[in-house]
Amino acid sequence: MASVPTTRHLLRARDLIDVEYSAALTVDQIAAAAGLSRAHFTRAFTKAFGQSPHLYLQTRRLERAAALLRNTDYSVADVCVAVGLRSVGSFTTSFKRTFGETPAHYRASRPPAAQRIMVPACVVRAFGRPYPDSRVKESTGGEDRAWSAALGSNH
Numbered sequence: 269m270a271s272v273p274t275t276r277h278l279l280r281a282r283d284l285i286d287v288e289y290s291a292a293l294t295v296d297q298i299a300a301a302a303g304l305s306r307a308h309f310t311r312a313f314t315k316a317f318g319q320s321p322h323l324y325l326q327t328r329r330l331e332r333a334a335a336l337l338r339n340t341d342y343s344v345a346d347v348c349v350a351v352g353l354r355s356v357g358s359f360t361t362s363f364k365r366t367f368g369e370t371p372a373h374y375r376a377s378r379p380p381a382a383q384r385i386m387v388p389a390c391v392v393r394a395f396g397r398p399y400p401d402s403r404v405k406e407s408t409g410g411e412d413r414a415w416s417a418a419l420g421s422n423h
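Position in the sequence shown (from 1) plus 268 gives the number in my numbering.
In short, the hints are calculated from the structure, not lab data. Keep in mind that the hints are not guaranteed to be accurate.
Have a look at the derived ranges for each label pair, beta carbon to beta carbon [what the hints assert, rightly or not]:
no., residue 1, residue 2, range
1, Pro379, Leu279, 17 to 25 Å
2, Ala382, Thr314, 37 to 45 Å
3, Val287, Ala372, 26 to 34 Å
4, Asp286, Thr360, 33 to 41 Å
5, Asp341, Lys315, 14 to 22 Å
6, Arg280, Pro379, 14 to 22 Å
7, Gly318, Arg393, 20 to 28 Å
8, Thr275, Gln297, 13 to 21 Å
9, Arg365, Arg306, 22 to 30 Å
10, Pro388, Ala350, 14 to 22 Å
All values reported here derive from a predicted model rather than from experimental measurement. Here a beta-carbon is modelled for each residue, glycine too, at the ideal position from N, C-alpha and C.
Based on the sequences and whatever the hints tell you, model everything.
Right, here's the structure in full:
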């Protein structure tokens, strides 16, 4: 029976972090999900991805926090909790170290979320499609019924 390469275990752990970043994950839990000891997992993860598992998790959380600050009206404390952090002070310090400004200033320096309402591409495509009954038809006898109905005329 062939053994599974360590890189597959590391990818499983990285996927766990990407999906469960808001959970109270510890390096021990992530290492267990990878099926490796904590020390071996930490060394292998750092070598494979260029940063420690804890730093990778923190980076995912801060990236998600930045997106929430840009796209929602959640308070800074709510964003902190939503991404799995417990201390607003530590969150603010880490955010400023990563993005160069506090979460409050980061939000204030961008357009309000209400102006940036994100509409999924599938919705834009669905409502942007022309439907056969919405086409304007020209006829030789004046306005077509579809055109009149669109204008609200009773002709």
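Verification of the supplied hints:
Between Pro379 and Leu279 the beta carbons are some 37 Å apart, a value that contradicts the proposed interval 17 to 25 Å. Checking the proposed 37 to 45 Å range against Ala382 and Thr314 shows it holds: the Cβ atoms sit about 41 Å from each other. Range check, Val287 to Ala372: Cβ separation about 28 Å, and the 26 to 34 Å hint holds. Judged by the Cβ atoms, the range 33 to 41 Å given for Asp286 and Thr360 is violated: they are separated by roughly 24 Å.
At about 41 Å, the CB distance of Asp341 to Lys315 disagrees with the hint of 14 to 22 Å. For Arg280 and Pro379, the hinted distance range of 14 to 22 Å is not satisfied, since their beta carbons lie about 39 Å from each other. For Gly318 and Arg393, the hinted distance range of 20 to 28 Å is not satisfied, since their beta carbons lie about 37 Å from each other. For Thr275 and Gln297, the hinted distance range of 13 to 21 Å is satisfied, since their beta carbons lie about 20 Å from each other.
With their beta carbons about 25 Å apart, Arg365 and Arg306 fall inside the hinted range of 22 to 30 Å. Range check, Pro388 to Ala350: about 20 Å between beta-carbon atoms, so the 14 to 22 Å window is met.
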